[in-house]
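Chemist: Sequence:
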Amino acid sequence: MWIKGERAGLGPFSEDLVDQYWKWEQDPGVLVGYGRQTPDSLNNRREGFQHQARGTDDQLRFTVYDVTTTPPTPVGTTAVLIDHHVRTGEFVIQLGPDSRRKGLGIEATRLTLDYAFHITALRCVYLSVLSPNKGAIAAYERAGFRVIGEKRNSGYWLGKPANETLMDAVPEDFTGVSAVRQLIDPTQ
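Take the sequence shown: its letters are residues 1 to 188, numbered as in this note's numbering.
Hints were generated in silico from the structure; no laboratory data involved. Hints are not guaranteed to be accurate.
[What the hints assert, rightly or not] If you anchor each label on the Cβ, the simulated ranges turn out as follows:
#1 Pro39 x Thr120: 27 to 33 Å
#2 Gly176 x Gln26: 33 to 39 Å
#3 Phe174 x Glu47: 31 to 37 Å
#4 Gln182 x Pro39: 38 to 44 Å
#5 Thr38 x Cys124: 29 to 35 Å
#6 Asp173 x Leu42: 36 to 42 Å
#7 Ala53 x Pro97: 23 to 29 Å
#8 Cys124 x Thr69: 29 to 35 Å
#9 Cys124 x Asp98: 29 to 35 Å
#10 Gly159 x Pro97: 17 to 23 Å
[Said to hold, decoys possible] Once the Cα atoms are required to be at most 20 Å apart in a straight line, the calculated EDC-like pairs of lysine to aspartate or glutamate come out as:
#11 Lys151 x Glu164
#12 Lys134 x Asp27
#13 Lys23 x Glu47
Quick caveat, the model's predicted, so the values are computed rather than measured. All residues carry an ideal CB built from backbone N, CA and C; glycine is no exception.
Construct the entire structure; sequences and hints are all you get.
Modeler: Take a look at the structure:
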């Protein structure tokens, strides 16, 4: 595990977990949350992992662990898809259905932002979320993102057109304890 908080930790994106990643991605809550209408095949996901594993310089990809269990249990993934030319990245998260509403996603998001700002040196991390997904928007705000706008009729929520809420986070707004800084200098 690379960095951890009280409940969640981030470790490497792992080929050993591809089948589990696929299961989380096919969960109806994830499909609706991303606005996807169709599931993906396991073979396609395995092939996709190989592509993702080769493209490590333009993406941060982590496995999220619940560190309150012994041993820590994989519960989801986070990613930041980086645009190196402008030092920004798009944030994506997915958690398995049994791991939602426990604060793990908020902490995993904060840890991912911490890594993105303090190790990868990004200037801004942004995301879009379907506007009817009020729980996700509130969780992203608790993790450090701010609403910056909305794209109208740009997605679907439960079969109906929906707006997307645009959010971002910048290093200046990243407050509180940094797990990365604690690893580098525990006296801080």
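Chemist: Is the distance from the Cβ of Gly159 to the Cβ of Pro97 consistent with 17 to 23 Å?
Modeler: Roughly 20 Å apart at Cβ, these two residues keep to the hinted range, so it holds.
Chemist: Determine whether the Cβ-Cβ distance between Pro39 and Thr120 falls within the hinted range of 27 to 33 Å.
Modeler: Between Pro39 and Thr120, where Cβ atoms are some 31 Å apart, the hint holds.
Chemist: Taking 29 to 35 Å as the hint, is the beta-carbon distance of Cys124 and Asp98 inside that range?
Modeler: With Cβ atoms ~32 Å apart, the hint holds.
Chemist: Has the given pair, Lys134 with Asp27, been kept, meaning a C-alpha gap of at most 20 Å?
Modeler: 19 Å, holds
Chemist: Has the hinted range 38 to 44 Å been met by the Cβ atoms of Gln182 and Pro39?
Modeler: Holds: the Cβ-Cβ distance is about 40 Å, inside 38 to 44 Å.
Chemist: Could you tell me whether the CB distance from Asp173 to Leu42 stays inside 36 to 42 Å?
Modeler: 39 Å Cβ-Cβ, so the 36 to 42 Å window holds.
Chemist: Does Glu164 sit within 20 Å of Lys151, going by the straight-line distance between their CA atoms?
Modeler: Judged against 20 Å, a Cα distance of about 5 Å means the pair holds.
Chemist: Could one say that the CB atoms of Ala53 and Pro97 fall in the range 23 to 29 Å?
Modeler: 26 Å, holds
Chemist: Is the straight-line distance between the alpha-carbon of Lys23 and that of Glu47 20 Å or less?
Modeler: 15 Å, holds
Chemist: Go ahead and decide if the range 33 to 39 Å is satisfied by the Cβ distance of Gly176 to Gln26.
Modeler: 34 Å, holds
Chemist: Quick check on a hinted range of 29 to 35 Å for Cys124 and Thr69, using CB atoms only.
Modeler: Since the Cβ atoms of Cys124 and Thr69 sit about 34 Å apart, the hinted range of 29 to 35 Å holds.
Chemist: I want to verify a distance hint. Is the separation of the beta carbons of Thr38 and Cys124 within 29 to 35 Å?
Modeler: 31 Å, holds
Of the numbered hints stated above, none is contradicted by the structure.
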